[in-house]
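Engineer: Read top to bottom, the protein sequences are chains A and B. Letter by letter, the first sequence follows residues 1 to 444 of our numbering. Letter by letter, the second sequence follows residues 445 to 709 of our numbering.
Worth double-checking, as some hints may not be accurate.
Straight-line C-alpha distance at most 20 Å; calculated DMTMM-like pairs for lysine to aspartate or glutamate [claimed, not checked]:
| id | chain 1 | residue 1 | chain 2 | residue 2 |
| --- | --- | --- | --- | --- |
| 1 | A | 88 | B | 615 |
| 2 | A | 88 | B | 573 |
| 3 | A | 88 | B | 536 |
Far from chain B, some chain A residues (derived; all Cβ distances over 10 Å) [said to hold, decoys possible]:
| id | residue |
| --- | --- |
| 4 | 9 |
| 5 | 22 |
| 6 | 31 |
| 7 | 86 |
| 8 | 87 |
| 9 | 89 |
| 10 | 111 |
| 11 | 335 |
| 12 | 366 |
| 13 | 436 |
The hints are simulated quantities; they were obtained by calculation from the structure and are not laboratory data. Values in this document were obtained by computation on a predicted structure and should not be read as measured data. Built from N, CA and C at the ideal position, the CB exists for glycine as well.
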Amino acid sequence: MILRTELRRSAAPVVGGGLLVFALGLIYLLSGPWWKGTAPWNEEWTGLAQWTRYLAIFVWPLVLGASAWQGLRDRRSRMTELLDSMPKPPWQRALPPAGALALALVAAYALLLVVGGVQVASNTSYFHLKWLPVAGVMVLALVAFGLLGFAAGKLVPSLLTPPVLAVAGLAAQLMVVQSGWPLLLTPVFEAPDITAYTTVAPTVTLTQALWFAGLGVTGFALAVVRGAVRRLAALLPAALAAAVTATVLSGVDDPIVADDAASALVCDDDGPRVCVLRPHRDDLASVTGPAREALALLGKLPSAPTSVVEVPPTYDYRRHPDDVVPVVLVGADVGALIEDPARITPHVLAGAGTQACARAETSDDWEFLVRQTVARTIAAAWFVGEPRPLPGFRYDWDADQELIRSTWKKFSALPETEQRDRISALRAAALDCDGDLLTILERP
Amino acid sequence: MKPKGDNRMVRAITEEETAPTMYAHEIAATGLRVRAGRRMAVDGVDLALTAGVHGLLGPNGAGKTTLIRALATVLRPAGGTLELLGGADQRDVRRRLGYLPQEFGFYRRFTVREFVEYMAWLKEMPKAEVPGAVQRAIERVGLTDRADSRLKTLSGGMVRRAGIAQAIVNDPAILLLDEPTAGLDPAQRMDFRKLLRELTDTCVVVSTHLVEDVAAACTDVVLLDEGRVVFQGAAAELAAAGTDADAGDSPMERGYSALLARGAR
Chain A
1 MILRTELRRS
11 AAPVVGGGLL
21 VFALGLIYLL
31 SGPWWKGTAP
41 WNEEWTGLAQ
51 WTRYLAIFVW
61 PLVLGASAWQ
71 GLRDRRSRMT
81 ELLDSMPKPP
91 WQRALPPAGA
101 LALALVAAYA
111 LLLVVGGVQV
121 ASNTSYFHLK
131 WLPVAGVMVL
141 ALVAFGLLGF
151 AAGKLVPSLL
161 TPPVLAVAGL
171 AAQLMVVQSG
181 WPLLLTPVFE
191 APDITAYTTV
201 APTVTLTQAL
211 WFAGLGVTGF
221 ALAVVRGAVR
231 RLAALLPAAL
241 AAAVTATVLS
251 GVDDPIVADD
261 AASALVCDDD
271 GPRVCVLRPH
281 RDDLASVTGP
291 AREALALLGK
301 LPSAPTSVVE
311 VPPTYDYRRH
321 PDDVVPVVLV
331 GADVGALIED
341 PARITPHVLA
351 GAGTQACARA
361 ETSDDWEFLV
371 RQTVARTIAA
381 AWFVGEPRPL
391 PGFRYDWDAD
401 QELIRSTWKK
411 FSALPETEQR
421 DRISALRAAA
431 LDCDGDLLTI
441 LERP
Chain B
445 MKPKGDNRMV
455 RAITEEETAP
465 TMYAHEIAAT
475 GLRVRAGRRM
485 AVDGVDLALT
495 AGVHGLLGPN
505 GAGKTTLIRA
515 LATVLRPAGG
525 TLELLGGADQ
535 RDVRRRLGYL
545 PQEFGFYRRF
555 TVREFVEYMA
565 WLKEMPKAEV
575 PGAVQRAIER
585 VGLTDRADSR
595 LKTLSGGMVR
605 RAGIAQAIVN
615 DPAILLLDEP
625 TAGLDPAQRM
635 DFRKLLRELT
645 DTCVVVSTHL
655 VEDVAAACTD
665 VVLLDEGRVV
675 FQGAAAELAA
685 AGTDADAGDS
695 PMERGYSALL
705 ARGAR
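Using the sequences and the hints, build the whole thing.
Structural biologist: Right under this line is the structure:
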């Protein structure tokens with residue numbers, strides 16, 4: 001009865017509704033990183049949990065400020081005199097307003113997850129439960145910041161408290177954003193850490209849960225106790241949680257760990273082997289055709305690869321067996337090839353079925369990168385009879401058109417066997433990441 | 445613990461309700477001193493009040509509000525003794541207290557019913573009794589047709605009546621009303637006095653600076669000046685204390701002026 005009244009009449013529904021509208025506004029009005037990468041917020045469960053936490057970068061300072069408004073109410077309504085004469089102890093009195101606030105925040109986040117989750121469910125059949133604890137930490141964080149704001153509103157009942165808190169929160173967030181592990185004291189992750197093949201280390205999730213629980217307990221305690229000594233004591237849960245959290249998290253190398261289940265392969269062995277990563281298993285059928293087409297074309301080579309395997313777009317390239325063509329099907333540079341299978345064949349053929357050794361993200365030798373791309377384009381052209389743009393290299397295709405044309409003209413004039421030998425040699429060099437590939441094609 | 449053979453419903457009758465009144469006075473104060481900020485606003489008050497309507501009169505700054513706040517357990521006495529309901533513990537006293545502060549604040553977005561319900565909850569009334577008690581309280585102050593209006597839409601007089609409703613919702617043993625008629629029009633004040641006369645089992649302390657309120661509704665009068673009781677007695681005795689030579693337009697006012705003048709001497 002009382003909680004219902006608070007849910008209808010207090011600032012709680014405004015705070016919760018505001019949170020939902022603000023978050024959805026950010027997501028849909030901005031073309032942020034949450035739409036990109038391997039785990040867009042509306043396509044992978046991992047992405048849903050982690051991107052909604054990423055948004056906390058803007059959201060939690062606002063929650064902190066808005067919750068202070070709820071804490072201000074008694075003083076603003078000049079109710080303290082009457083409340084001081086009530087038998088109900090302060091901690092019980094604080095339950096309905098604080099509880100309504102927490103419920104509204106949790107409901108808003110749950111609705112956000114529903115909006116994203118409905119889309120994820122329709123976009124992928126790859127379901128797992130690892131995202132739930134990650135999202136659970138966000139629930140704890142929202143409640144903790146809500147209670148801290150509520151307490152601040154009670155302790156400093158000034159109209160300035162909400163805006164000052166929100167700005168201070170934002171400043172604190174900006175301070176920790178580039179500072180390594182202290183970022184984990186907020187619910188936020190760095191954008192590059194959010195992929196479909198990684199997950200948050202369970203130790204980190206557990207420690208963060210403890211930290212936000214401690215913050216929440218301190219927030220509630222600060223809101224209900226009186227006197228300097230008790231207020232100091234109220235800081236204890238947060239202080240203890242902070243001590244444990246700092247100890248554990250400062251020792252964590254990388255909060256993001258490989259998700260072995262998500263990196264597992266799903267293969268079609270009914271013909272030359274084609275495998276995709278588990279999150280893309282729905283797309284295996286559409287990948288298989290163009291991938292096998294590329295394998296058939298690669299068959300012109302003496303030591304041709306026999307299978308195509310999807311790999312995550314990580315920067316540390318592991319060596320794959322020579323008979324395997326490792327391909328990135330969803331990545332920042334190539335985009336989502338699984339949604340455009342026609343581009344898969346040229347992608348597999350690039351560099352005669354090899355991966356690029358140098359990448360723009362990791363190399364600043366521009367000349368080398370250009371020559372590598374041209375060599376990989378010519379190698380692909382040899383299989384299909386003419387140069388075509390490689391997926392993800394449209395810019396290079398336009399910029400290096402002259403070099404591509406002239407190289408192709410000279411190369412295609414060579415005798416057929418010489419062409420094949422050189423493509424074979426290029427392939428071998430590319431597998432070993434050995435030198436400038438274009439010199440192999442350009443040899444007089 | 446329920447005694448053996450006791451087959452009462454646990455919630456039907458509380459011990460509180462069946463317990464005989466073990467005290468002589470609902471409010472008993474001796475040498476009571478209460479600070480308002482640095483000033484000793486109540487400075488040696490002796491009071492013994494039982495059921496009935498007690499008018500607390502006195503000029504501005506006499507200590508009326510400070511005394512009421514101490515009776516409401518909001519202020520802790522700085523000296524002397526204050527025994528409420530025979531010295532029951534504070535939480536128990538508060539459950540049986542009704543209080544309308546001079547500056548009555550309220551949650552503007554709540555309806556009258558929600559607000560009074562909320563106060564009933566804060567007074568730890570048994571859950572089952574709340575809806576009925578709320579309805580009765582709202583009826584008694586004449587706000588039935590506005591019960592589901594938000595407080596911010598009510599006039600000043602209606603808000604004050606809502607304040608009285610929250611004060612009486614728990615059928616308090618002690619009802620403290622600080623300037624309850626401020627903002628009420630003459631008709632509402634008459635209704636209010638009628639309401640006061642109905643509260644026969646309650647020890648009501650009404651602070652006011654309007655002498656005619658006291659004359660019309662109070663069984664006795666406590667006159668406070670500079671933190672001390674200068675007179676306590678029936679309303680008629682107050683009137684009798686004055687002579688035609690004293691200032692005032694009615695016998696009560698003349699008695700009031702006379703007693704204050706005497707206290708000042």
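Engineer: For each hint, tell me whether it holds in the structure or not.
Structural biologist: We went through each hint and held it up to the structure:
no.: 1; hint: 88(A) <-> 615(B); result: holds (17 Å)
no.: 2; hint: 88(A) <-> 573(B); result: holds (17 Å)
no.: 3; hint: 88(A) <-> 536(B); result: holds (10 Å)
no.: 4; hint: 9; result: violated (4 Å)
no.: 5; hint: 22; result: holds (22 Å)
no.: 6; hint: 31; result: holds (38 Å)
no.: 7; hint: 86; result: violated (4 Å)
no.: 8; hint: 87; result: violated (4 Å)
no.: 9; hint: 89; result: violated (8 Å)
no.: 10; hint: 111; result: holds (23 Å)
no.: 11; hint: 335; result: holds (50 Å)
no.: 12; hint: 366; result: holds (64 Å)
no.: 13; hint: 436; result: holds (74 Å)
This entry does not satisfy hints 4, 7, 8 and 9, going by the numbered hints stated previously.
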